[in-house]
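**Student:** Listed below are the residues making up each chain.
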Amino acid sequence: AQEKKQLAFVVNGASDFWKLAEAGVKKAQDELPNYDLSLKYPEQAAAAVQQRLMEDLVAGGVSAIMVSAVDPKSSTDSLNKIGSQVPLFTTDSDAPDTNRIAYIGSSNTDAGKQAGEIALKALPEGGKCIGFVGLPGADNARERIEGMKSTIAGSKVELIDVRGDDIDQTRAKRNVEDALAANPDIDCMVGFYSYNPPRIYEVLKESGKLGQVTVIAFDEDPITLGGVREGTIAGTVVQDPYEWGYQGMKLMAKYLEGDKSVVPENKLIIVPTKMIDKSNVDAFEAELKSRISGG
Amino acid sequence: MINRKDLWLLILIIIVGTVVAIINPRFLSPINLSNTANLIGLFGIFAVAQAFVIISGGIELSVGSIIALLGVVFIDLVASEAVNPALAFVIVVAIGCLIGLLHGFLVAKLGLQPFVVTLCGLLIYRGIARYYTEDATAGFPFGASFPTLEWLTAGRFYGIPHSLIAFIVITLVMGVVLHKSVFGRYLFAVGKNEEAARYSGIHTARITIAAYVICCGLTAVAAVFIAMYTRSISPSSHGNFYELYAIAAAVLGGCSLRGGEGSIVGVVLGTVLLQVLQNLVNLLGIPSSLNFAVMGSVILIGVLADQQISRRAARVKAPAG
Amino acid sequence: MINRKDLWLLILIIIVGTVVAIINPRFLSPINLSNTANLIGLFGIFAVAQAFVIISGGIELSVGSIIALLGVVFIDLVASEAVNPALAFVIVVAIGCLIGLLHGFLVAKLGLQPFVVTLCGLLIYRGIARYYTEDATAGFPFGASFPTLEWLTAGRFYGIPHSLIAFIVITLVMGVVLHKSVFGRYLFAVGKNEEAARYSGIHTARITIAAYVICCGLTAVAAVFIAMYTRSISPSSHGNFYELYAIAAAVLGGCSLRGGEGSIVGVVLGTVLLQVLQNLVNLLGIPSSLNFAVMGSVILIGVLADQQISRRAARVKAPAG
Amino acid sequence: MPEPFLKMTGISKVYPGIRAVDDISLSVSQGEVIGLVGENGAGKSTLMKILGGVVAPSAGSIELDGLAMERLTVGGSMRGGIAFVHQELNLFENLTAAANIFIGREPLKGGPLRLIDEEELNRRAEPYLKQLGADFAPETPVARLSLAQMQLVEIAKALSLKARLVIMDEPTSSLTASETERLLKIIARLKAESVSVIFISHRLAEIEGCADRVVVLRDGRRVAELGKVEIHAETMIRHMIGRDLKTLYRPPANPPGESILELTGVRTAYRPEQSVSLSVRRGEILGLAGLVGSGRTELARTIFGLEPLEGGSITIKGVAAPIASPSAAIARGLYLVPEDRKRSGLIVDFPIRENITLANLEAHAKRGLIDFDAEEKDALKQRQRLDIRSRGVSAPASSLSGGNQQKVVLAKWLSMEPQVLIFDEPTRGVDVGAKSEIYRLMRELSDHGVGILMISSDMEEVIGVSDRVAVMHEGRIAGFLERGELSEQSILSLAVGRIAA
Ligand SMILES: Nc1ncnc2c1ncn2[C@@H]1O[C@H](COP(=O)(O)OP(=O)(O)OP(=O)(O)O)[C@@H](O)[C@H]1O
Ligand SMILES: Nc1ncnc2c1ncn2[C@@H]1O[C@H](COP(=O)(O)OP(=O)(O)OP(=O)(O)O)[C@@H](O)[C@H]1O
Ligand SMILES: [Mg+2]
Ligand SMILES: [Mg+2]
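Residue numbers (my numbering), protein chains in the order written: chain D, 1 to 295; chain P, 1 to 321; chain Y, 1 to 321; chain H, 1 to 501.
Treat the hints loosely; a few may be bogus.
What the hints assert, rightly or not - Think about it this way: if two alpha-carbon atoms lie no more than 35 Å apart in a straight line, the pair counts; the simulated DSBU-like pairs of lysine-lysine are:
id	chain 1	residue 1	chain 2	residue 2
1	Y	Lys180	H	Lys109
2	Y	Lys109	H	Lys7
3	P	Lys180	H	Lys381
4	Y	Lys180	P	Lys5
5	H	Lys130	H	Lys109
6	H	Lys109	Y	Lys5
7	H	Lys130	Y	Lys109
8	P	Lys180	H	Lys366
9	P	Lys109	H	Lys366
10	P	Lys180	H	Lys342
11	P	Lys109	H	Lys185
12	Y	Lys180	H	Lys342
13	H	Lys342	H	Lys185
14	H	Lys130	Y	Lys5
15	P	Lys5	H	Lys185
16	Y	Lys180	H	Lys162
17	P	Lys5	H	Lys130
18	H	Lys377	Y	Lys5
19	H	Lys381	P	Lys5
20	P	Lys5	H	Lys377
21	D	Lys250	D	Lys278
Unchecked claim - Some chain D residues judged to face chain Y by a derived CB distance under 10 Å, without partners named:
id	residue
22	Pro42
23	Gln44
24	Pro72
Calculated directly from the structure, the hints in this document are not laboratory data.
Note that beta-carbon positions come from the ideal geometry of N, C-alpha and C, so glycine has one too.
The shape of chain D in the complex, shown without the other chains:
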C-alpha cells in the first residue's frame, strides 16, 4: 500500500461538519483506486498543532494536501513552506496570498448574507436579534457575522449582540438562557456555529417560546433540520463540504497526473452555499442521508 500516492485532507478541528467532507472523500476514494485518501484531524483546533500535523504528513511522504487552515490569514509562511514541498490546496477558508494551487470551498461572507436574507424575510416588521457563536473572533464567525450585518444594514432588523461560548455546549446553552433572561422581548436568535441553533431550539422549547422567537441557523445539525421542517426555525444556511471533499480529491489526483487545466484562471472553485427552509428541507435531508451512508 505504500506505493500508492497519498492524498491528505487536513481539517481545522474535530467537528461533525467534516463528517460530510469525509463522506465525499470516501466517494472519491472509490473512484481513485490508485490513491490512498485520508482525512486528518489535528487533535486541537490550533494553528501550531495543524502545522505540526502537516509537517509530519510531508515527512511521512504524502503527495498532496488539501487544508482547511485554522488560521489562513497569518499562516502564510507556514502554508508556503508546506506548499513548496507538495502541491497544496485550500478549502473552507482561502489563503489567497500563499502558493496554494487553488481554493475549493464556499464563502462565509455569502453565507452570512443569505442568513441576513432569511432574517429580512422572516421579520418584515424588523426586530432585535442576538447571535450565538463559538469563537466570535475566528475568521469564519467574523465573516458570517459581517455578511449578515451587511445585508440587514439599513433595515429594521438589528443584531444587538453576539455571545461567545468557546465551543463549550453547556455555556452555549447557558448563554441562550441568560440572553432570554436579560432580554425577554428579543425577536430573533441566530446560531452561527452548527451546534448553536440546537441549543437555541432547546431553550426556546423549554421556556415555551418556540415559534415566538425567530431562529436563524447555520449548518445542518439534525435538530436544526428538524426545527426547519417543523417551522420553528426560519431557515438555515448550509455549505457543501461533501463536494469539497469529493471534488477536491479528484482535482488533486488530476493535478498530480499532470492535468493542470482543472485549475481555473482565478484559482477559485466556489461551491455555493444554500438556503434551506421548510420548502426544500426534505429533499436536502434525503440527499444528506444518502451521501453519508455512502450511496
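We have chain D already, so just place chains P, Y and H with the ligands on it with the hints.
**Tutor:** Using the frame of chain D, we list chains P, Y and H with the ligands on its own:
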C-alpha cells in the same frame, strides 16, 4: 457548622449578587435564578466529588474527560434505545466507579502520583470518547423524547430544577459522610498524615481508593445530568476545563491541595460563586472574551481578602487570649 | 550525573523511537528529525521553566495563557513596527518576569496557594489576550518580513533549528543554576521543607519568588519562539493545555509535585518523549482522535514501569546494603 | 564570671489561651553551660525559639552585646553567634548530610556564579560527623538515615556554625549511651573554648554531668536557679514538679506468666540474613537495648505489620499470627507506640480528641456515624488519666509540648484493650514527672497481664524499668540479661557485639 471561611465566601456571594442585582434587576427574576440554580446543580455535583479526592491529598484532573466519555456512552445507550434509561444510568455510574477504582488503585496500591494518573486519565478518556464517536457529535435525533428521563434530569418543580434537588440531596448525604462518619474522619486523617493514619491501623489504601470511587462515581452522575442538559456532546470539547472549575470551587471553598482540609459547605458556596460570576458576565453584557478574566479576578480578590482578614483576625485575637 | 530514573526514561524513548522507525523509516529522515527537534526546543523551554516552580513546591498553571498573551503582545509590537524586534523581545521577557514576580509575591509573601494564584492567572491572562485582540487572530500582515528575527527564531543551522539551540543553551545554564549553584541548593531546600529552610536563615520568600520569575521569564522566551513558529495567534486557543504538557514533562522527568525533587536532564527527556509521541501518532497514521489516548497511555506505562522497576531494585539492594 | 553578652529581660510569650513563657529573665556569659529543665510544656523550647529568632516574644527585651531590641530574627540570631539544635528535627531529606550541615553557608567557587564547591563541603563536614562518632559518610542522603543519625547531623550543623552560644533542645532524646557520652565530652570542650551552651534535657543525669548552673521553669515561669553545687536530680525534680518524686521504677506485682508474644527466627526486610527469636511473657516488661541502627525499630515495624516478614513466625497467645498490616496487628491486640511521634504517632493538625480516638473510632460510632459525645467523653477521660496538660481536648496536638504529645500517643492505645504493647522510645522528650507516670502506666498494664516490649536507648530507663533485657547487635539478638544481671556495663558489652559469656 458554618466556619469563618465559609461565612466570608457567603458574604462575597451576597456582595456580588447585590451589585449585579442593582445594575440589572433581572438577575433576581425567577427564570434567571432558576437557570442559575440549574447550573449550580450540574457543576456542584462534580465539585463536591472533587473535594473528596482533594481532601484525601490527591487531585482528579480527568473530570472533564470523564464527563465527555460517560456523556457519550449514556446518550448512545439511550438514543439507540437498546437499554432503558434507568439501566443506562446504572451502567454509566458503574463505569464511573470502575474508573475511580482504577485511579485509586494506581495511586494507593502502586504509589503513582495522583497528578500523573489523572492527567493520563484526562488524555486517555477523551481519546476514547473521540475515537468511539469518530469525533462526531453524539446527540438525540430530532424529536426523540424520553419524557420520564427528561423530566427527572432536566425538569423543574415549581421552578426548582431537579438537578439542584439532586445536588442538594447528594450534598446532604456527602456532608454527613464527610463530617459525621468514620470514613470521613479517616479521609481527613489520610489526607493530613498518611503515615500516622497507617500506624493507627487505618487501611489507608482502602480509604484513598474509596475517595476516588466516590469522586468518579459522582462525576458520572453529573455527566448524565450535563448530557441531558446539552442533549448533544461533541467529544472533543465537551467538558474541557471542567476539572479546573471543580478544583477552583473546592479550593475557593477552603479545601487545601495539601490534603486533609475542606468542608462541604465551602465547596457548595464555591460552586455558587463561580456560577453567579458566569451569569453576571452575560447579564451585564460584558464581552464574552472577558468571561474568564472576570472569574479569575473575583476568585483572586476573594482568596486575597479572605487571607488578609484571617491574618488580621489572628493578630487581634492573640494578645487578648 | 544521569540517575536511574533518567536512564529509564532514556531507554523508554529509545524503545519507542526504534519501534516507530521500524514501522515507518521516515521517522529517522533528516526533515522529520529536524521538525521534531524544533518542537522539542519550543516546548522544552517552558517545561524546564515549569520545573523550577515545581521543585520550589509550587505549580504554574498559567503557562498556556502567558504564552498566548505575550505572543499576542510580541506580534503586535513587531507587526506594528513601532519597536525593533530586539526591544520587543526584551519588553515581552520583562513582562514575563513581572508576572512571575507577582505570582511569587502572592505565593511567598501573602501566603496564597500556588494552585489558586496561577489558576487565576490562567483565567485572567487569557481573558486579557482575548479582550486585547477582540478575539481576533493576531498575526503578521501579508508580506511582512523580519529576516533577522525570523532567522534567529525559526531558522535552522545545518538542519538544526535555532529553537533547539536556544533550548540547549537555556538547559545548560539552568542545569548549572539548579544543580551547581547556591540558589539551586536553596530551591531544593525550600521545596522540601520550607520551615527548616527558614530556620536555617534562608530567605525562603526570595527563593520562591525567584523560582516564579525564572519560570515566567523563560516562558516568555518560549512565547516568542512559539509565536514566530505559528506566526499567528488565535488568543482563545493558542497555548491551551500547554501547562499540562509542561507539568507532564516535568513529572515524567522525576519532579515531584510535593516539591524538592527533580533534575534538568529528566525534564529534557520528558519533553523529548512527549514530542516523539506526538510525532508517532502522525507518522503511523493513528487516527488523530487517539493522539491524546496514545500520549496518556505511554506516560502511564512509562511511569508504572519505572515505579515497578525501582521497587524491585530497592528490594534487591536491601540485603546487600 | 565575665559580663553576660546576652540578656533576656521580662520575656513573655502568649499563645491563645496560654502564657507559654511568663516574664522570664535569663542572661548568658561566655563559656558557661546552662542546664534548662522543667516539665513538658514549661516553656523551655518556646524561650529558646525566641532566642533563635523563630518566635517573636509578646513582651520583654533582648540585649545582645549591649544592643537592646524587641526581638531577634533567625538571621539576626545566627549573626549574633547563636546556633540552635531544634527539639524537632529540621532536616532536608532530599539533600546529603554534608549539605544539611552547611545549608545557608555553602563554600563557594566560580566567583560571581556562586557555585557550590561540593568537595570542599564534604571535606569540611567530615570532622564534625567524626567527632560525634557518626558511622556514615558526609555524602549520605539524609533520607537514608535513622532518627538518631539525623539527630547527629543536626548537632553537627550547630557545631559547624562555630557559634559562641549553642542551644541544644533535647539533643540526646534518641541517642544511646555512647553517643551521649561523646556529646557531653564535646560540650566540655566547647566550654574550654569559651563557647556557651544552653542544654535542655529530661535525662537529669546528663544535666548533672555538664551544667554549671541550672535554671528551672514551671508553667512558663522561672522558679529556681541552682548553682553548681546544688545540681542534683532530686533538687531539680523538686523544683520542677513542686514536690518530691518517690520512686520512678516499680517492681512487678506478680511473677511473669506464659509467653504471649513469641518471635521465632524472624527476618526483616532490612537485614534478611539475620534472624531474631525472643518471647515476651504476660506481665513482663522486656527491654530491647542496642546501639543506634541495631535494627530495633525495624523489628518493631515488622512485628506491627508495616514491613514484610521475610522469614520466621510470630505467635500471639500461642496462635500463629500472620500480621500483614497494622490493622491486623491491632485486631490481635498488638499495638506500637512509634519513635517519631510527629511523623508516625500523631496527626499534629488534628485536635487532641481526634488523635486519641483515631485507632478506636469504630467503638465510638454507630452504623458508621461518629458519636461525638462518646468520643469527647472518652478523650477527656484519657486526658485526665494521663494528665495531658492542655485546654480541653479540642486544641490541635501541634499546640502541645513534646512530652504532652507523647502522652496523647499513649492515650490512643490505652483507650483500647492491649495484649502486647511495643514501645519504641516511650519517653523520648518526656519530663521526669510524666516519665514516672508512663512507667507507672506500663507497670499497671503489665500487672494486668499485658506483655510489653520496650525499645529504649535511655540506659537508665532500660535498667530501671525492664524485668529482662534483650540486647540487639546488627540485626540479631546478642544476648538476654535477667534483672539481676543488669548493668550499664553488661548491656553495653553485648550491644557492641561481645557475646555474653
Ligand atoms: N504554636 C503554639 N501555639 C499554641 N501553643 C503553643 C505553641 N507552641 C507551644 N505552645 C504551648 O506553650 C507551652 C510551652 O511549650 P514548650 O514547647 O515551650 O514546652 P517545653 O518546655 O519545651 O516542653 P517539652 O519538654 O515537652 O518540650 C505549652 O503549653 C504548649 O502547649
Ligand atoms: N529506608 C532505609 N534505607 C536504608 N537504610 C535504612 C532505612 N531505614 C533504616 N535504615 C537503617 O537501618 C538501620 C537500623 O535502623 P533502626 O531504625 O531499625 O535501628 P534502631 O536500632 O531502632 O536504632 P535507632 O536507635 O536509630 O532507632 C539503621 O542503620 C538505619 O540507618
Ligand atoms: Mg520542648
Ligand atoms: Mg529506633
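**Student:** All the hints need checking, so say for each whether the structure fits it.
**Tutor:** Each hint, compared with the structure:
1. Y/Lys180 - H/Lys109: Between lysine 180 of chain Y and lysine 109 of chain H the Cα gap is close to 10 Å, so the pair holds against 35 Å.
2. Y/Lys109 - H/Lys7: holds (32 Å)
3. P/Lys180 - H/Lys381: Holds. Lysine 180 of chain P to lysine 381 of chain H sits at ~22 Å (cutoff 35 Å).
4. Y/Lys180 - P/Lys5: violated (43 Å)
5. H/Lys130 - H/Lys109: Given that 35 Å is the threshold and the Cα spacing comes to 25 Å, the pair holds.
6. H/Lys109 - Y/Lys5: Given that 35 Å is the threshold and the Cα spacing comes to 29 Å, the pair holds.
7. H/Lys130 - Y/Lys109: violated (40 Å)
8. P/Lys180 - H/Lys366: holds (11 Å)
9. P/Lys109 - H/Lys366: holds (29 Å)
10. P/Lys180 - H/Lys342: holds (26 Å)
11. P/Lys109 - H/Lys185: violated (48 Å)
12. Y/Lys180 - H/Lys342: holds (33 Å)
13. H/Lys342 - H/Lys185: Holds, because 30 Å separates the two Cα atoms, which is no more than 35 Å.
14. H/Lys130 - Y/Lys5: holds (32 Å)
15. P/Lys5 - H/Lys185: violated (53 Å)
16. Y/Lys180 - H/Lys162: Holds, at about 25 Å.
17. P/Lys5 - H/Lys130: violated (52 Å)
18. H/Lys377 - Y/Lys5: violated (51 Å)
19. H/Lys381 - P/Lys5: With Cα atoms ~32 Å apart, lysine 381 of chain H and lysine 5 of chain P stay inside 35 Å; holds.
20. P/Lys5 - H/Lys377: holds (29 Å)
21. D/Lys250 - D/Lys278: holds (33 Å)
22. Pro42: holds (6 Å)
23. Gln44: holds (7 Å)
24. Pro72: holds (9 Å)
The structure does not agree with the numbered hints 4, 7, 11, 15, 17 and 18 stated previously, though it agrees with the rest.
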